[in-house]
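Residue numbers (UniProt numbering), protein chains in the order written: chain A, 1 to 365; chain B, 1 to 196.
If you're looking for bench data, these hints aren't it; they were derived computationally from the structure.
Every value quoted in this text rests on a predicted model; they were computed, and no experiment measured them.
Ideal placement from N, C-alpha and C gives every residue a C-beta, glycine not left out.
Any given hint might turn out to be false.
Facing chain B, according to a computed beta carbon distance under 8 Å, are these residues of chain A, among others [unchecked claim]:
#  : residue
1  : ILE5
2  : SER6
3  : VAL7
4  : ILE10
5  : ILE13
6  : ALA14
7  : LEU17
8  : ILE19
9  : LEU21
10 : ALA24
11 : ILE28
12 : ALA29
13 : LEU81
14 : GLY85
Distance windows between CB atoms, simulated [said to hold, decoys possible]:
#  : chain 1 : residue 1 : chain 2 : residue 2 : range
15 : B       : LYS167    : A       : ASP236    : 46 to 52 Å
16 : B       : MET27     : A       : ALA15     : 31 to 37 Å
17 : B       : VAL114    : A       : ALA18     : 16 to 22 Å
18 : B       : LEU181    : A       : LEU100    : 34 to 40 Å
19 : A       : ILE3      : B       : VAL114    : 24 to 30 Å
20 : A       : ASN40     : B       : LEU181    : 56 to 62 Å
21 : B       : PRO172    : A       : LEU88     : 22 to 28 Å
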Amino acid sequence: MTILISVAVITSIAAVLAIMLTLANSYIANYGECRILINNEKECVTEGGSSLLSSLRDSQIFIPSACGGKGSCAYCKVKVLEGGGPVLPTELPYLSEQELKDHVRLSCQCKVKEDMKIEIPEELFNVKEYKACVEKIQDLSPTIKLLRLKLNDPAEITFKAGQYVQLKAPLYEGNEEEVYRAYSLASSNADKDYIELIIGYVSNGICTTYVHKHLKLGDEVLFNGPYGDFYLRDTDREIVLIAVGTGMAPIRSILYQIEAEAIQRKTSYFFGARTLDDLILSEEMRSFENRLQNLKYYPVLSRPRVEDQWTGDVGRVTDLIQRYITDGSNMEAYLCGSKAMIESTVGALKEKGIPEESIYYDKFD
Amino acid sequence: MIEVSPIVILFAAIFTNNMILSNFLGMCSFIAISKELNTSLGLGQAVTFVLTATTILNYFVYHYVLVPFELEYLRFIVFIIVIAAFVQLVEMILERYIPNLYYALGIFLPLITVNCAILGVSLFMVIRQYTLMQSMAFGLGSGLGWTLAILALAGIRQKIKKNKVPKGLEGPGITLIIIGLMALAFLGFSGIVQIQ
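The whole structure should be built from the sequences, with the hints applied where relevant.
Listed below in structure tokens is the structure:
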């Protein structure tokens, strides 16, 4: 009897509170339909109450976001001209004074509660969501895979070599949230009906675990893109490409572009890896070097093992810069790698005389 | 039931029986959000409000639902559910109707739902057999005491921000030592009034 009573009491207390919250949710937290006017031309109507980022995504407008709306990557900045309330403390660390003056907000933190007027870069209208199926999964090393996705709907993608897409990791056993993660396009932008991504395994990484442990040939995947302002600039300067690890991806795409467009600028590619296993796509890079007269490829290992029998350069990409670049004043550099690698490399490049405005980089987290 | 005036309980909860400095409850947000005076003040106000309100709510739930059914042993679960639901509700109301207050306080609300000081006060209320007036005073006093403590800590932390701290003690380490010293100082108040 006591058991029944206690169960009944607990249940009814919980039920009363639950009903109260449900009522509150539908009456108090109901903001009705809100209109978002984008760049003074496009208007979309959405159900109020959720973040600007997800409201826009529902309206098929994709703002880049690598962290999935947690307010930690600061990719999803948009200009909010009207509506949206004051800037939240969660956004402040990511906004500069200039951005605050320009009404820049993190769209994942800013909630839609009233009609809004916003401004986004024009090229984001070009961003679409793509359905694709897995055509190839290739092991480049024990921890790095190359993924080829054949596009189904839409059937073609237009992008600039060096840009990235966001791959959606769905729910799977052990993962209870859908997330989007950014990966650079590694394939040639002349191939419009498929894309290739290079994905390294990160233990407990939601998306990398999905790709490495769950994804099979023929599976359907979703991604959106392309995003990013990391692409080859049209100048006469010598090109210096620098990457480590999976930072190979956008550089590979740029190499395809150099070949397809027969760009005659002198090019050096410094690629750093830990051991011989991590030195991915070596043969392909050598064949690029054979086909492209102006390209020189410099691989470097930071920790070669005895069995690697490595006779090439040892150290980091910054050591290559010291060794092979003498005068950088007429050079232009494209960097791709971790935050630490970018910081140290930018320093080394500046010492060699490459002007800061000619150094472009894509930071991987 | 002990015969102590609610006013005495109010002041005792602030000074002699301070939630943080004599019971060491509510530590996590106390350490995490005490870097700046302004945010500390916001959090302190939120804690005070939630403490006072949930203590009263839980008083009624305990005495008018749990006691008649002889289900006192369920108080842990029930108190937590009530606190969580209440905080959710307040957050929604603030966000909709008083946005300014929401931006000042509301963002702290989810942080303190699971704050042990909040549950602790409700449980002390039961253990010490307070009346309604005494419970209200105890809830309010504990909240004020919490605010006082976090403001003091934030003030100290702001002062020593530029000072050199041994590597291993940076951040939470030195903060815990500071809290320990503050607790010793507050020990000076003990014995003035006794409420337990």
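Tested hints:
Below 8 Å, beta-carbon pairs count as interface contacts, and ILE5 (chain A) has one with chain B at about 6 Å; its hint therefore holds. Contact between SER6 (chain A) and chain B, as hinted, is supported at the beta carbon level, the nearest pair being about 5 Å apart and thus within 8 Å. A least Cβ separation of about 10 Å between VAL7 (chain A) and chain B goes past the 8 Å threshold, and the interface hint is therefore violated. Satisfaction of the interface hint for ILE10 (chain A) is found here, the shortest Cβ-Cβ separation to chain B being roughly 6 Å, below the 8 Å cut-off.
Annotation: interface hint on ILE13 (chain A) holds; nearest CB of chain B at approximately 6 Å, less than 8 Å. Checking ALA14 (chain A) against chain B: minimum C-beta separation of about 6 Å stays under 8 Å; hint holds. Annotation: LEU17 (chain A) was flagged as interfacial toward chain B, and the flag holds, the nearest CB pair being 4 Å apart, inside 8 Å. Nearest Cβ of chain B to the Cβ of ILE19 (chain A): about 10 Å, over the 8 Å cut. The hint is violated.
The restraint placing LEU21 (chain A) at the interface with chain B holds, with a minimum CB-CB distance near 6 Å, inside the 8 Å limit. Given hint, ALA24 (chain A) at the interface with chain B, holds; its Cβ is 5 Å from that chain's nearest Cβ, closer than 8 Å. Evaluation of the ILE28 (chain A) hint against chain B yields a held restraint, the C-beta minimum of about 5 Å falling below 8 Å. Given the 8 Å rule on beta carbons, the hint for ALA29 (chain A) holds: about 5 Å separates it from the nearest Cβ of chain B.
Interface hint status for LEU81 (chain A): violated, as the beta-carbon distance to the closest one in chain B is roughly 18 Å, over 8 Å. For GLY85 (chain A), the interface hint holds, since its Cβ comes within 8 Å of a Cβ in chain B; the closest pair sits about 6 Å apart. Checked against the given bound of 46 to 52 Å, the beta carbons of LYS167 (chain B) and ASP236 (chain A), roughly 50 Å apart, stay inside it. A C-beta distance of roughly 33 Å is found between MET27 (chain B) and ALA15 (chain A), which places it inside the suggested range of 31 to 37 Å.
Range check, VAL114 (chain B) to ALA18 (chain A): Cβ separation about 18 Å, and the 16 to 22 Å hint holds. Separated by about 38 Å at the C-beta atoms, LEU181 (chain B) and LEU100 (chain A) satisfy the suggested range of 34 to 40 Å. The hinted window of 24 to 30 Å between ILE3 (chain A) and VAL114 (chain B) holds, with their beta carbons roughly 28 Å apart. Here the CB-CB span from ASN40 (chain A) to LEU181 (chain B) is close to 59 Å, well matched to the stated 56 to 62 Å.
For PRO172 (chain B) and LEU88 (chain A), the hinted distance range of 22 to 28 Å is satisfied, since their beta carbons lie about 25 Å from each other.
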